Amino acid sequence: MNDLQRMAPDVAPAAQDARAAREIVLLLAEFHTRAWAGHAWMRLVAIVTVIAAVWSLLGMVWAAVCLAGAIAGLVLERKIEPALRRFLASTKPPDLSSAKAMRDRTVGYVVAVSAAYVCPYGALAFAADP
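Residue numbers 11 to 140, in my numbering, belong to the letters of the sequence shown in order.
Hints listed in this document are in silico derivations from the structure and should not be mistaken for laboratory results. Bear in mind the structure is a predicted one, so any value in this text is a computation, not a measurement. There could be a bad hint or two in this list.
Lysine to aspartate or glutamate pairs mimicking DMTMM-like chemistry, simulated, CA-CA at most 25 Å apart [claimed, not checked]: (1) Lys102 x Glu33; (2) Lys89 x Asp114; (3) Lys102 x Glu91; (4) Lys102 x Asp27; (5) Lys102 x Asp139; (6) Lys102 x Asp114; (7) Lys102 x Glu40; (8) Lys110 x Asp27; (9) Lys89 x Asp27; (10) Lys110 x Glu33; (11) Lys110 x Glu91; (12) Lys89 x Glu40; (13) Lys89 x Asp105; (14) Lys110 x Glu87.
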């Protein structure tokens, strides 16, 4: 028995599914607003600044590795953001399975984007001294 069933046992399962789907959509909308709509430009400036610092301190090779990770992260972001925007702009309310599928897809992309951004710096942290 899930939390919704315990709080409202007299509510039909279809209504509980609709409510759960709405909650997922609201969470995805909040994530979209925070990740892309609000401060995306600041994140891009930070990425470029850090790559420039790596270039000036360690040279072109490590800067290229970090730039490759940043480009991979940006490409992955460009793949999920429009799909998420279309999903959120859809006029018909999603069913629970499609809301969960979009949530899982978004989480997967966020993990991949984070790995693309972070892995070059992890490699740099464990690399030999220049």
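Comparing the hints with the structure gives:
{"no.": "1", "hint": "Lys102 x Glu33", "in the structure": "holds, 15 Å"}
{"no.": "2", "hint": "Lys89 x Asp114", "in the structure": "holds, 15 Å"}
{"no.": "3", "hint": "Lys102 x Glu91", "in the structure": "holds, 19 Å"}
{"no.": "4", "hint": "Lys102 x Asp27", "in the structure": "holds, 15 Å"}
{"no.": "5", "hint": "Lys102 x Asp139", "in the structure": "violated, 56 Å"}
{"no.": "6", "hint": "Lys102 x Asp114", "in the structure": "holds, 20 Å"}
{"no.": "7", "hint": "Lys102 x Glu40", "in the structure": "holds, 19 Å"}
{"no.": "8", "hint": "Lys110 x Asp27", "in the structure": "holds, 11 Å"}
{"no.": "9", "hint": "Lys89 x Asp27", "in the structure": "violated, 28 Å"}
{"no.": "10", "hint": "Lys110 x Glu33", "in the structure": "holds, 10 Å"}
{"no.": "11", "hint": "Lys110 x Glu91", "in the structure": "holds, 17 Å"}
{"no.": "12", "hint": "Lys89 x Glu40", "in the structure": "holds, 18 Å"}
{"no.": "13", "hint": "Lys89 x Asp105", "in the structure": "holds, 23 Å"}
{"no.": "14", "hint": "Lys110 x Glu87", "in the structure": "holds, 19 Å"}
Figure legend: structure checked against the earlier numbered hints; hints not met, in rising order: 5, 9.
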